[in-house]
Amino acid sequence: MKIDHSLPLEYSTKQNGLNIFGFWVFLAAEIMLFATLFTSYFTLEHRVGGGPSGTEIFEITPVLMETLILLTSSFTIGLGVHAMRIGNKKAMTAFFVITLLLGLGFLGLEIDEFITYIHEGATLQTSAFTAILMLTLGTHGAHVTFGLFWGSAILMQLKKRGLTKETANKSFIFSLYWHFLDVVWIFIFSFIYLKGMM
Amino acid sequence: MEFLERFAVPNPSLAIYASMVAIGLTLIAIIAGLTYFKKWGYLWREWLTTVDHKRIGIMYLISALIMLFRGGVDAIMMRAQLAVPDNKLLDAQHYNEIFTTHGVIMLIFMAMPFIFAFMNFLVPLQIGARDVAFPRLNALSFWLFFFGAMLFNISFVVGGSPDAGWTSYFPLAGNEFSPSVGTNYYMIAIQISGLGSLMTGINMITTILKMRAPGMTLMKMPMFTWATLVTNLIIVTVFPVLTVALVMGTMDRLFGTNFFSSTNGGMDMLWANLFWVWGHPEVYILILPAFGLYSEIISTFAGRNLYGYKSMVASMVIISGLSCVVWAHHFFTMGQGALANSFFSITTMMISVPTGVKIFNWLFTMWRGKIRFTVPMLYSIGFIPLFVLGGVTGVMLAMSAADYQYHNTMFLVAHFHNTIIPGVVFAMLAGLTFYWPKMFGFMLNERIGKWTFWLLTVGFCLAFLPMYVTGLDGQARRMYTYSAAAGFSTLNMVSFVGAMIMAVGFVLIVYNVYHSVRYAPRNIGADPWDARSLEWATHTPVPEYNFAVQPHVASSQAFWDAKKNGHVLFPGKVEKIHMPNNSGVPFIMSAIFFVWGFSMIFSLWIPAIISTIAIFACMAHRSFEKDHGRYISVAEIEETETKLRGAN
Amino acid sequence: MSELFPRKQIMGFVFSLVLTAAALAVYFLDLTFAQGITVLLITAFVQALLQLVVFMHAGETEDKWIIYGKVYFMIGIALVTIFGTLLIFLWDM
Numbered sequence: 016m017k018i019d020h021s022l023p024l025e026y027s028t029k030q031n032g033l034n035i036f037g038f039w040v041f042l043a044a045e046i047m048l049f050a051t052l053f054t055s056y057f058t059l060e061h062r063v064g065g066g067p068s069g070t071e072i073f074e075i076t077p078v079l080m081e082t083l084i085l086l087t088s089s090f091t092i093g094l095g096v097h098a099m100r101i102g103n104k105k106a107m108t109a110f111f112v113i114t115l116l117l118g119l120g121f122l123g124l125e126i127d128e129f130i131t132y133i134h135e136g137a138t139l140q141t142s143a144f145t146a147i148l149m150l151t152l153g154t155h156g157a158h159v160t161f162g163l164f165w166g167s168a169i170l171m172q173l174k175k176r177g178l179t180k181e182t183a184n185k186s187f188i189f190s191l192y193w194h195f196l197d198v199v200w201i202f203i204f205s206f207i208y209l210k211g212m213m
Numbered sequence: 007m008e009f010l011e012r013f014a015v016p017n018p019s020l021a022i023y024a025s026m027v028a029i030g031l032t033l034i035a036i037i038a039g040l041t042y043f044k045k046w047g048y049l050w051r052e053w054l055t056t057v058d059h060k061r062i063g064i065m066y067l068i069s070a071l072i073m074l075f076r077g078g079v080d081a082i083m084m085r086a087q088l089a090v091p092d093n094k095l096l097d098a099q100h101y102n103e104i105f106t107t108h109g110v111i112m113l114i115f116m117a118m119p120f121i122f123a124f125m126n127f128l129v130p131l132q133i134g135a136r137d138v139a140f141p142r143l144n145a146l147s148f149w150l151f152f153f154g155a156m157l158f159n160i161s162f163v164v165g166g167s168p169d170a171g172w173t174s175y176f177p178l179a180g181n182e183f184s185p186s187v188g189t190n191y192y193m194i195a196i197q198i199s200g201l202g203s204l205m206t207g208i209n210m211i212t213t214i215l216k217m218r219a220p221g222m223t224l225m226k227m228p229m230f231t232w233a234t235l236v237t238n239l240i241i242v243t244v245f246p247v248l249t250v251a252l253v254m255g256t257m258d259r260l261f262g263t264n265f266f267s268s269t270n271g272g273m274d275m276l277w278a279n280l281f282w283v284w285g286h287p288e289v290y291i292l293i294l295p296a297f298g299l300y301s302e303i304i305s306t307f308a309g310r311n312l313y314g315y316k317s318m319v320a321s322m323v324i325i326s327g328l329s330c331v332v333w334a335h336h337f338f339t340m341g342q343g344a345l346a347n348s349f350f351s352i353t354t355m356m357i358s359v360p361t362g363v364k365i366f367n368w369l370f371t372m373w374r375g376k377i378r379f380t381v382p383m384l385y386s387i388g389f390i391p392l393f394v395l396g397g398v399t400g401v402m403l404a405m406s407a408a409d410y411q412y413h414n415t416m417f418l419v420a421h422f423h424n425t426i427i428p429g430v431v432f433a434m435l436a437g438l439t440f441y442w443p444k445m446f447g448f449m450l451n452e453r454i455g456k457w458t459f460w461l462l463t464v465g466f467c468l469a470f471l472p473m474y475v476t477g478l479d480g481q482a483r484r485m486y487t488y489s490a491a492a493g494f495s496t497l498n499m500v501s502f503v504g505a506m507i508m509a510v511g512f513v514l515i516v517y518n519v520y521h522s523v524r525y526a527p528r529n530i531g532a533d534p535w536d537a538r539s540l541e542w543a544t545h546t547p548v549p550e551y552n553f554a555v556q557p558h559v560a561s562s563q564a565f566w567d568a569k570k571n572g573h574v575l576f577p578g579k580v581e582k583i584h585m586p587n588n589s590g591v592p593f594i595m596s597a598i599f600f601v602w603g604f605s606m607i608f609s610l611w612i613p614a615i616i617s618t619i620a621i622f623a624c625m626a627h628r629s630f631e632k633d634h635g636r637y638i639s640v641a642e643i644e645e646t647e648t649k650l651r652g653a654n
Numbered sequence: 069m070s071e072l073f074p075r076k077q078i079m080g081f082v083f084s085l086v087l088t089a090a091a092l093a094v095y096f097l098d099l100t101f102a103q104g105i106t107v108l109l110i111t112a113f114v115q116a117l118l119q120l121v122v123f124m125h126a127g128e129t130e131d132k133w134i135i136y137g138k139v140y141f142m143i144g145i146a147l148v149t150i151f152g153t154l155l156i157f158l159w160d161m
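Chains as they are written, first to last, in our numbering: chain A, 16 to 213; chain B, 7 to 654; chain C, 69 to 161.
Don't take each hint at face value.
[Unchecked claim] Cβ-to-Cβ under 10 Å is the rule here; a few derived chain C residues that face chain A:
1) Thr111
2) Ile145
3) Ala146
4) Gly152
5) Phe157
No wet-lab data here; the hints were simulated from the structure. Beta carbons: idealized from backbone N, C-alpha and C, even for Gly.
All chains, please: the whole structure from these sequences, using the hints.
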């Protein structure tokens, strides 16, 4: 296997480069996935049947907290990758752990938000609006949940195997994933919550 | 007993009971045969766990051929039912099930794997690579498709087939009007194989953009590789849309949500919209690789470089963009206003321009060429006039005002079969004949092949051209019968005769394979057609590492220029080659997906949850596994090379 | 030492916070729908671009143009899908 030392560790083998490139293609597909959810959301947004509308159930405080937590976690994983590139495994591990903890916090708040909606009579079955709202948020939330397991697996490998070509590659790809989830959340925040409360 | 009742077929008939017996006997025969000949180990080691793109390609091919016959039987039954007025051969329910499964199987489980077969087999060879970028992901793609297809097919005998059309429009596909589990099969089986398609898309794009042989710039790629690149770009763009639409449909059916219902704000039209956002590009996903194959075949047998290479590439890229902005032409009559209809009408008509450019390029490639009328070339020549006819009727359908007359009639059925059969099916059969020697080491019989071509062409014209007339006269599609007074009787009988002739043609293909396996000579060399691109530059059969020395490419007709103009194709010397290891995980994981799908279809929540966990366990296993592949040593390569050189 | 300090990431984070705060204007100020949606479109897309460039390092390899090309192509098709659907169902039905 050829190793190119002029590149960062995560790009250093041919397969590593392919993995990162392939993941970008996957992220491009994810753009369409969420675009479809947004398409459906905008179409069904005002079709509330007998149930509540967005303006009635959205609350700014938890949403803002979720946003800030996810933004911060995107920042900390950026720091993690930075630490990885200067070879500081300890700092990198710390930043990854912080990121995952923030992710967990985000998830907790989101679950609480869902429970609140259900108590307010906005269940999955209430109307087209509640269904698409929960599907869109749920898809993002499921991605975050998957990310938590994935990130933990990478942390375990990092601890056991050290900072190698493979673990660096996996960590970098995970960081792409996490940043992408933050980007998706920005759109959810802007065009579902803020637009709904405007 | 109550538990088992849900698996019963809701509308049984003699044919279904007969198939149950047939499926059971086939399974027993396969298992007994494998045991008797002690082939279980061979099957597992060489095929089920393989990550070799060539073997995966061949497995796609076999699945596609099997599905072709499954879908073909449906087609014959439909034509038989419509052959005479007031026919009692099938009742309305069975007719619904048959046209639904015919559509789904032909598009998703026949045409898609057929194009994936060629992509997998050819692309790494055409670009001079060892394998695809992610060989194990490739195996997973195949097995997801395979188990998706199997899941869809058992609907026939367990629980009942879907019956809401291959488009599965809501509210018809909702629980209220489709209470059986049939539509659940549709939603989940397509979802599983769709995931496989998406992974193939990612894999192929990465392979083509990152793993080309030295010297092969984008504008020196063979045309089929270009077609594959553009096709997979469309796959990655639109399959996520299908994923979401199917999830919404599944939730409506299983969890009582109101996405597409008629109550509580649900919007049935949104399904049609999302379906066609995927569905229209999907037809270009099928036709572009076909165009790629025709380009290879026409330039080979005309003995000339492809005319207008750059305009060929440009037109495919334009088609890929336009294909994503035309979807509403499938429902001009749904009720949106003139502005929306005009927009989609114009974009639709625009697509005919780049397609026309391609047609003229093929004609100019043949112009003054020394054409060899081989079987693949016959298909390609037959394709041009027939496809133009299909294209012209497509432009007629594109005019939204006129579409109110054509919509939902046999005219439409004639149109899309007229594009898909000469476009896709002919291309697949041409490609099959053309690449058969590379895949299996012997040629298919030329004389039987020509008979097949003529039978299919004549059969096609008889079967589908009359539908244009009955369609304009008002025969609606998806109606299981009509009265004699309607006056459709004669033309429908002609259609039935045509369908039977086509059936004979397809059976001849099977006979051709049998005949050629027995009698065809095996000493055909690596380049039996005197072809032009890299896949012919390696041995037949292709060694697992494809090329002993990585080729260097200087033109878009690399192999031709090496043969005729003295380009050096293999300048280096043999080095050890890195290859991926086989793995059983893709097969196991896909089999678990099958269990998951089955449990979801029948709302068996406990197995569904367990299999979900098992799927994630497979992914975790992959994450923690240390797999660095293996090396093939120089000595081994040289031994293989000597042996293969001797064989030729 | 300058390379060791994650200046780029910190700048990116600060900008994200500023843009989030700016987007909140639509909640706290009394804007018309057109004004509000303009603010949201600008803040959301700028912030997405910021993540792409600063944190995801989209432009750091030789594949820069392929990656950007792909992402922009997808965004293009995504917008066509969204606005096409809205045209069909909301603005022209």
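We went through each hint and held it up to the structure:
Given the 10 Å rule on beta carbons, the hint for Thr111/C holds: about 7 Å separates it from the nearest Cβ of chain A. Because the beta carbon of Ile145/C sits about 7 Å from the nearest beta carbon in chain A, less than 10 Å, this interface hint is met. For the restraint placing Ala146/C at the interface with chain A, the shortest Cβ-Cβ distance is roughly 3 Å, inside the 10 Å limit, so the hint holds. Of the supplied interface hints, the one on Gly152/C holds, with its beta-carbon coming within about 9 Å of a beta-carbon of chain A, less than 10 Å.
The beta carbon of Phe157/C is positioned within 10 Å of a beta carbon in chain A (closest approach about 5 Å), and the interface hint is therefore held.
Violated hints: none; the structure is consistent with every hint.
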